[in-house]
Amino acid sequence: MIVYDKTKLHNLFIKEQVGKVLSRNILSPSEASAIVQAHPVGLYSPGWIARFGLFIATSFGLSSAMGMYMMIFMSSEVESNKLIGLLIFIFGAAAWYCGEIFIKKNAHFRSGVDDALLYGTVGAIMGGLVQMLNASETIFFLMAACIGMLAVLRYNDRIMVLMSLVGIGGFVFKFSFFLGGWAKALLPIELFLVYSALFFGIRQSRKKTYDIYEASKQMSEVVSLILMYVAVNYYVVREASVELMDLSLKAGQDIPLGWLFWMLTGIMPLACFYFGVRKNNIMLLRVAALFTAATICTIRYYYHVLPVEVAMLLGGIILIAIGWWLLVYLKEGKGGFVSHKTTPEDEAMKQLESLVIAESFHAAPQSQTADRFGGGSFGGGGATGDY
Amino acid sequence: MLDLILSLHLTFCYIGSNMDSSIFETLHQQGFVSSEHLVKIRDAEKNKLISVHWEIKTLLYLGVLFFSGGLGLLVYKNIDSIGHAVVLTFIALLSTFGFFYCTRKKQPFTFLKAESPHILYDYLLLLSCLLMVTFIGYFQYQYQFFGNRYGLASFIPMLLLFVSAYFYDHLGVLSMAITNLGAWLGMSITPLTLARNFDWNTEHIVYTGVALGTFLIVISLWSEWKNIKAHFAFTYFNFGMHLLLVSLLAGMFDMSNYYLLWFIGFVPACYFVYHRAVVEKSFYKLLFAILYGYVALSYVLVRWMSWLESKINDADVALIYLGFFYFILSAAGMVMLLHRMNKKFGADDRI
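Those protein sequences? They're chains D and L, same order as listed. Counted the way my numbering counts, the first sequence spans residues 1 to 387. Counted the way my numbering counts, the second sequence spans residues 1001 to 1351.
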């Protein structure tokens, strides 16, 4: 099913494992080099800088090729949308076929070239199909879910995981509108159940040992979990009910089942945090931090407890205090977590950090600060709220 | 949207696979791993410790961001009340305390790299610097300390930031100082504005950008040559490279009557970055030399083609095809070039 050479992928996994063990001085270098030599990888997967460059160059080439192709075949006679759709679809399919031959022949794996070819061709195929079939939104989401799933199985790509999962949600959304009545009224619960089924299903399918689809499974867990929260977040449910379901609320009125959504909005961060600590799962902890921020923003949106500057001051102090406490508490390592680095210093990360600092704290003339920090800094929580 | 996906990917999926001892069981059976080491590996897997180093750093960073932002807002909202002076004094005290703490904790000054004594030190220093800049800003606003010499009002904080960056050895403060240097010269050179604004439309800013970019690159080389905080060299070079090449491109686009002159200026600058990249085996610099160079070259070629089109009758369709051919072939060429250079440099991810 997968386009990459399975043996090579397995050897890559062995190489990574050896690297991990070697960095802790558990394995002797001679043993390590013997293992690596016996398991040649031979895949071309450059670092992220080269990957970025190759991605840009390939996407640029692909879009130029598409431009030229369309210029050759589009004449004034081709006016129907269906024909244009067919042309785009054929281009996407042909580019996909050629790309696959290229990837196999040159053993590219996450090199930027294969990423760009995948996204470009999936985009062209989907765009072409939508044009050709004059598809409704329901069909579009269904298509995104299916094509995304196929792409994940073949390329093990995380962005395709995201597309597929959002497609599933979109399809449930549109389909329940189509059914109307109870199906429409209980939409948040349905979405919540769908994504929790996905989340727990994928969890169950995780193998203890080597798994080709490890990366995709990890990504789908994260995305399902986030979408689970988004589906029942009080702010999202309330605003979506007003916007999309023509629910008119008078002042002081609550949405139906409001208590349930408030409860879930509050419980989800706590649950993620609890299981993150217990299961020693860093991913759950990061999600918990994101949910906490979103929940705080949600509460503040409906109950203006403190003026914004006091809230920011207090929040800052609390965050610094938590960070400080964690540093001290986890110094020697506790409950499977430790506060110091376990991998060697990464120069690129340090440079990136300094750029982030320069970006967020540039000059502080008076009135600008009001707009900047007030709105922008809560972006993490707000961004997920748009869905 | 892509921003969101990328940050999602970086935040949640950049975890890497866990250690898996079962693979070493197999390797042991095949005779690659000794029994003694296998036992150790099993132990390590059982007692594995997950590092939350970057998570803690993120918490501290957000804490500093909120705290300094909140304090700034507090002063701004109470600018005419009595509380204003109290808050200002509070800021000054806090900043002084922070600097005092960092001075006590810091390693003795050296022109080489001084390791940070503690994570908290980094963020306290950052907070103190921010509070100092805020303090000077409001002091000027309220009491016109520097009178109407606005240049001086932004020059002093910039200078203090540079001094702090060198004295306490902090890359983040250095980056802030460099963006403040840009602000003092009247241009915004924060990373995102550089990435977004390709043309600035003002000749004055283009010239300033060229000068400042060159200056930063010279400082970078000088730091390495004299071995004065040589680890700052990359930060200077990074700002300088982008600023210089973007400004030269902006000159080409904006003053389009003289684009060839600007192109002639661009070529040596771009070649110089390329040369440094090859000498240092830095793929990051190489990538941007190639990308910026490609943009400049394509611009010149497209200009020539449109000139040809105005000269020759009935050539437009052929020229458009020629253009497409150029873009397809050059993109393929760029892929091959990047691929080849990447293999040649060998070690990945050197910035």
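Hints listed in this document are in silico derivations from the structure and should not be mistaken for laboratory results. All values derive from a computational prediction rather than experimental measurement. Just so you know, even glycine gets a beta-carbon here, dropped at the ideal spot from N, CA and C. Keep in mind that the hints are not guaranteed to be accurate.
[What the hints assert, rightly or not] If you only want the chain L side, here are some residues facing chain D, beta carbon under 7 Å, derived:
id : residue
1  : Ile1050
2  : Leu1062
3  : Thr1179
4  : Leu1192
5  : Leu1194
6  : Gly1293
7  : Leu1297
8  : Tyr1299
9  : Val1300
Verification of the hints:
no., hint, in the structure
1, Ile1050, "holds, 5 Å"
2, Leu1062, "holds, 5 Å"
3, Thr1179, "holds, 5 Å"
4, Leu1192, "holds, 6 Å"
5, Leu1194, "violated, 10 Å"
6, Gly1293, "violated, 12 Å"
7, Leu1297, "violated, 14 Å"
8, Tyr1299, "violated, 14 Å"
9, Val1300, "violated, 17 Å"
Of the numbered hints stated above, those contradicted by the structure are hints 5, 6, 7, 8 and 9, listed in ascending order.
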